[in-house]
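Undergrad: Here is what each chain is made of, one letter per residue.
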Amino acid sequence: MGFLEELRALFPPGRLLTREAELVPYESDALTAYRKRPLAVALPEGKEEVVEAVRLCYRHGVPFVARGSGTSLSGGSLPVEGGLVIALNRMNRILRLDPKARIAVVEPGVVNLEVSRQAAPFGLYYAPDPSSQPISTIGGNVAFNSGGAHCLKYGMTAGHVLGLEVVTPKGEVVRLGGESLEGVGPDLHGFFVGTEGLLGVALEITLRLLPKPEAYHTLLAAYGSLEAAGDAVSRVIQSGLLPGAMEIMDRLAIEAAEAAVRAGYPRVEALLIVELEGPKEEVEEEARLLAQVIRESGALEVRIAQSEAERQAIWKGRKAAFSAVGRLSPDYIVQDGVVPRSRLGEALKEIGRLSQEYGLRVANVFHAGDGNLHPLVLYDGKKPGQLERAEELAGEILKLCVRLGGSLTGEHGIGVEKKGYMPKMFAPEDLLAMERVKEALDPKGLANRGKVLPGYGQSPHQGGLKTDLGELYA
Amino acid sequence: MPEVFASSLEEVQEAVRTHARLRPKGGGTKPALSTPKEGETLLDLSGLRGILEYAPEEFVFTAYAGTPLKEIEETLRAHGQYLPFHPPLAEQGATLGGTVAAGLSGPMRERFGGLRDFILGVRFVDGEGRLVRGGGKVVKNAAGFPFHRLMVGSLGTFGVMVELSFKVFPSPRATQTLRLAYGNPGEALAAMERLRVLPLDLLALDLIPPATLEIRLGGFPESLGKRLKRLQEILQKEGEVLAEDEAHWEGVRNLRFLEEAPIWVKVPSTLALVPKLEGLPLGPRRYLGGGELLYAGMEAKGLESLRRAGIPHLVLKGAQDPLFPLPPEAFFREVKLALDPRGRFPLG
Ligand SMILES: Cc1cc2nc3c(=O)[nH]c(=O)nc-3n(C[C@H](O)[C@H](O)[C@@H](O)COP(=O)(O)OP(=O)(O)OC[C@H]3O[C@@H](n4cnc5c(N)ncnc54)[C@H](O)[C@@H]3O)c2cc1C
Ligand SMILES: Cc1cc2nc3c(=O)[nH]c(=O)nc-3n(C[C@H](O)[C@H](O)[C@H](O)COP(=O)(O)OP(=O)(O)OC[C@H]3O[C@@H](n4cnc5c(N)ncnc54)[C@H](O)[C@@H]3O)c2cc1C
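Residue numbers (this note's numbering), protein chains in the order written: chain F, 1 to 474; chain G, 1 to 348.
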């Protein structure tokens, strides 16, 4: 029997998509500039079906891509031409929520925000909060080690995953980690998080939950320049405070947010949002210190949320910023580089210069607390050559981040989009080590083929295992 | 026993290329892990030390793997910062590399998380003598395979760590400790269960069997008193406020309570597992991190009972087979083969 026939035997009609019109929605993720036609899309409803599908792929040598909600901004869930897409959205059950143990055991297709929603009655929540949390899935978050506004204090997804059940590309099912915050032996589940689906498919995920902070103190400060806002961030850090979040938006991002959701932001060069959180007595003291620091930072205007509604109003504009930029420009690329916090000013200045040089507008929204930039490069895809220029500019920004001692990505992953820049950040031996691990777990190179690894080295094995890794990267 | 000493990256690479089986040792505080077995050459890394980069305003430092924790913590303290996972055995000479390799966190892991939440990057020499980097030197990074997280608890089996980068935090300005003695273990456990889900931001929450809780608070001196009072109200119990807060917790994190025991073991726990653990013949012990982490001292029969009950654990001192159970074959085997194909580095 051929691959497709065997798949048909596995999935009932309606859960195996092969017609052109059905496949179109799966041809790209949120980075729509790239498109690939898969052979088929399978919609499993249980982990046995995923395992069987992966085993079929292995037997027939067919590449596959696991997919959550397809909100990746780096082409991470782009299909492989002629390969299988395993779409996990229907595996969206929270299998167990144990408030005493402070854990949730979930299927990979569970939407991030749903975990916090279900945990709320117990006073608990799931900390990692990508802006896409109302739609992105835990499986996608795990693959990308997703972040959000609270990473400085709470870390990224990796710290919140306690255990994983995974099917390896060869079709073996393993359990990594457990249910305790602690483990013994190599932290294999920690290693799996962030490998972008190259080492297998997560079938079940055990998450740690945290008590919801008791009190918040949310402050919005307006500045006459981006630099002044950046300076204020350094002052906050130097004062010894550890805010839950520190976010900056520039003029263009503010305008976009205002046009979209009317958050009532002051029209200035830069806005800083600082949020303190913790026990109420502690937050009170911290707020006193923060007020003094912000006063000394030369803020033009300061607003402090007096209620939960006012707090939500402050966050509304920030959270809508990405989609709002869509109102200013037909198309844009979101970049995701990281720089050491002390080099933020330098980075922003250089981004401004590059924007001038390329004649393309760049809006800046970023997680200032952890140096994670999100420059939005605005362009018009209908104008010939603009996409290429925008990509080139985005690439310049990435190289800049690496040059300043940072990283190519803080949270959106490498995907297909940034794999060409990997050799800027990693030495040949680093990349070779990644390839060797990939090849050992996935000798046929099937799992999310063509992502992350730029194909720097040759096959490390002499004779023996012949793989097509080399061709993939060509 | 053959022994080599490496105090530079090149010397580590040279050692790896010339010796068939190597066992790295930092300070030797976990002798069950760092004592060579038959046929192994000891690789002494105590000379590979020193802080390479530290920018307090970035909350990040990078140091050689053989750097004693003590040295790192002194440097951080001068800038009002600390390692929030509070690594054990600092006083006895534990090194950064040994702490990562063993995967150890101490009592203050309760507040912000364990070692795995703070490691940012690594440079290690793999089994072929190649230098490999994973992660980076910024607090947020998602590029490439996270080899730094693979090192946590790895016991050196994938390679010799030479350099490590960590996130750090500002130290609490002041701390206070409340000790509460309960009438029976059930009550103490119930109280801990309650505290775990409340938004109290406890620095440490320990259970000392049979029935004592120790709770550490940290923050602004002005708020501490009020928070302590609230805690007492929640628990409807006065307890005892410790005068020697700092010295007490240094003793705990240096595992002084295990000193008399011949065998030292780390056990990942959960609240549900505590009653079962309490039924085993273990010696002096303490549950840290709200019951998620047990350090216990014991004799041979205690260790046997853990093994018989199938409870995962890591022996730090006093036994031949330190790791139980071995990692899951289907994933571990491949990663090991990729990084150490000649099997130079033992696991445990
Ligand atoms: C009870 C006790 C009390 C002690 N008291 C003192 C004291 O008061 N003063 C004093 O100076 N010394 C003391 N020592 C000895 C001292 O603790 C050791 O010298 C100490 O430095 C051990 O280093 P370590 O704990 O970091 O890791 P180790 O025990 O050396 O190693 C732990 C594990 O990590 C691995 N490993 C270590 N480094 C690396 C690396 N870079 N890469 C890969 N794998 C690695 C090892 O192979 C091993 O698996 C004491 C020891 C004990 C047991
Ligand atoms: C408006 C917007 C805002 C965003 N904001 C943020 C943000 O603040 N922070 C952030 O980190 N990201 C952000 N993102 C990016 C994106 O939402 C995240 O990367 C998210 O984790 C992707 O989840 P998903 O379910 O959509 O995964 P997909 O896009 O479907 O897949 C992402 C990757 O995960 C792999 N994958 C999916 N499921 C599994 C599985 N079960 N096992 C193995 N691999 C799997 C895929 O193969 C792919 O490589 C944003 C995206 C948008 C569109």
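A few of these clues could be false.
What the hints assert, rightly or not - Which stretches of chain G does chain F cover? Using the computed rule of at least three CB atoms under 8 Å from a CB of chain F, they are:
1) 11-17
2) 153-159
3) 237-250
To be verified - In silico lysine to any residue, SDA-like type, Cα no more than 20 Å apart, as pairs:
4) F:K280 / G:L198
5) F:K280 / G:E53
6) F:K280 / G:Q232
7) F:K280 / G:E233
8) F:K36 / F:R251
9) F:K349 / F:K419
10) F:K424 / F:R403
11) F:K153 / G:F169
12) F:K419 / F:D380
Unchecked claim - Pulled from the structure, derived: some chain G residues nowhere near chain F, Cβ distances all over 12 Å:
13) L42
14) R109
15) H148
16) D201
17) L224
18) F257
None of these hints come from the bench; they were simulated from the model. Just so it is clear, CB atoms sit at the ideal spot from N, CA and C, and this is done for glycine as well.
Undergrad: Indicate, hint by hint, whether the structure satisfies it.
TA: Hint check results:
1. A count of 0 residues in the region 11-17 of chain G with a Cβ less than 8 Å from any Cβ of chain F is obtained; the coverage claim is therefore unmet, three being the minimum.
2. For the region 153-159 of chain G, the proposed coverage by chain F is satisfied: 5 residues have a C-beta within less than 8 Å of a C-beta in that chain, meeting the threshold of three.
3. Taking a C-beta to C-beta cut-off of 8 Å, the region 237-250 of chain G contributes 0 residues in contact with chain F, too few for the three needed, and the coverage statement is violated.
4. Using a Cα cut-off of 20 Å, the hinted pair K280 of chain F and L198 of chain G holds, with the two alpha carbons roughly 13 Å apart.
5. Of the pairs offered as hints, the one joining K280 of chain F and E53 of chain G is violated, with about 36 Å between alpha carbons and a cut-off of 20 Å exceeded.
6. Distance check on the hinted pair: K280 of chain F and Q232 of chain G sit about 16 Å apart at the alpha-carbon level, within 20 Å; holds.
7. Simply put, K280 of chain F and E233 of chain G have alpha-carbon atoms about 16 Å apart, close enough for the 20 Å limit, and the pair holds.
8. With a C-alpha separation of about 36 Å, the suggested pair K36 of chain F and R251 of chain F falls outside the 20 Å cut-off, and the hint is violated.
9. Simply put, K349 of chain F and K419 of chain F have alpha-carbon atoms about 26 Å apart, too far for the 20 Å limit, and the pair is violated.
10. Taken as a hint, the K424 of chain F and R403 of chain F pair is honoured in the structure, with Cα atoms around 9 Å apart against an allowance of 20 Å.
11. As the CA atoms of K153 of chain F and F169 of chain G are separated by approximately 9 Å, the hinted pair is consistent with the 20 Å bound.
12. The straight-line distance between the Cα atoms of K419 of chain F and D380 of chain F is roughly 24 Å, outside the 20 Å bound, and the hint therefore fails.
13. The Cβ of L42 of chain G lies farther than 12 Å from every Cβ of chain F, with a closest approach of about 22 Å, so its non-interface assignment holds.
14. The claim that R109 of chain G lies off the interface is violated: its Cβ sits roughly 7 Å from the closest Cβ of chain F, which falls inside the 12 Å cut-off.
15. The claim that H148 of chain G is not at the interface with chain F is violated, since a C-beta of that chain comes within 12 Å of its own (minimum 9 Å).
16. A cut-off of 12 Å between C-beta atoms contradicts the statement that D201 of chain G is not in contact with chain F; the least separation is 5 Å.
17. At roughly 8 Å from the closest C-beta of chain F, the C-beta of L224 of chain G falls inside 12 Å, breaking its exclusion from the interface.
18. With a closest Cβ-Cβ approach of about 18 Å to chain F, F257 of chain G is found to remain outside the 12 Å limit, as its non-interface label requires.
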